[in-house]
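Peer 1: What follows is the residue order along each chain.
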Amino acid sequence: MSDLKSFYEGRAADANGVTVRDAGLQGMITLRGDLANAKLKAAVKKACGQAVPAARRAVITGGRGAAWMSPDELLILVPYAEAAATAAALALALKDQHHLAVNVSDARAYITLTGAGVDEIMAKCAPVDFANFAVGEFRRTRIGQVAAAFWKDEAGAFHIVAFRSLGDYVFDLLATSAKAGLVNL
Amino acid sequence: MLTLTCPYCGVAAEETELTAGGEAHLKRFGPGSSDDDLETYLFLRENPKGVHFERWRHSFGCGKWFLAARDTNTLEVFGTYPAQSKAPPKPIKDAITAKRPGWSWREFK
Ligand SMILES: [Zn+2]
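Line by line, the protein sequences give chains A and B. Numbering-wise (this note's numbering), the first sequence opens with residue 1 and increments by one. Numbering-wise (this note's numbering), the second sequence opens with residue 1 and increments by one.
Everything labelled a hint here was simulated from the structure, so no lab data went into it. All clues stand as given, with none of them false.
With a cut-off of at most 35 angstroms between alpha-carbon atoms, the simulated DSBU-like pairs for lysine-lysine come out as follows:
no.	chain 1	residue 1	chain 2	residue 2
1	A	Lys5	A	Lys95
2	A	Lys45	A	Lys5
3	A	Lys95	B	Lys64
4	B	Lys86	B	Lys109
5	A	Lys41	B	Lys64
6	A	Lys5	A	Lys124
7	B	Lys64	A	Lys39
8	B	Lys86	A	Lys41
9	B	Lys86	A	Lys95
10	A	Lys39	B	Lys86
Since this is a predicted model, take the numbers as computed values, not measurements.
Given only the sequences and the hints, what does the whole structure look like? Please build it.
Peer 2: Written out as structure tokens, the structure is:
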């Protein structure tokens, strides 16, 4: 197999107690279909161990889980090495109904933002009310000028998903935001 | 700054997360229609100072199209509703009437 690398080869940037990190290769599957359908619900549970999340929620632990992208779309997370097989299993389970299951792992950049004050670093880059952004909430929006999605884990860290070709832009923007420091909102 | 609540995902999205899609509730006139109807469909738009109905897309969010009723003069938003609606739903019309009694827009009032 070829030498697989994530978009910034695991680079990290530290500033003012905040770390921006290329979190490496993460398996991601786009699943579209009727989210209320029993077959789809069962297939999702089997694929990632989680139930279909409620609107704008994500249930993700240890790089495995599901996030609500839109009324007819989920993002399924599994370890990178399992993504192709999981996408194939989803497609097989749903072959008799209208759906789409695609392994998009290599089309994505996966970035984490950790440390104290990450809410403020994010608030400078996305039009979201971070004072009221809950753990487990999943948000699709823009970061700077590009589309991105993110969730916040129990430790308060942000997990950010963007297009791989725009990963360096998102990383550099967050790193610059961190470097400029907190604005003490 | 305009903030519209997407009826599909419930996010109160500010303008930069959305894409404007022009006037809502256009009736399409295609092949076989009269020249006047085709011209009206293609080119003639409402341009009110006041109550207006528009299409918007939650383009950086869930990606869905929806419709919005707002006041172009005050930027007040009366409500948003699914793109599949052929006419403004009653709660939207009631919200407008409460603030702008006697309003009308194309065939709606
Ligand atoms: Zn939306």
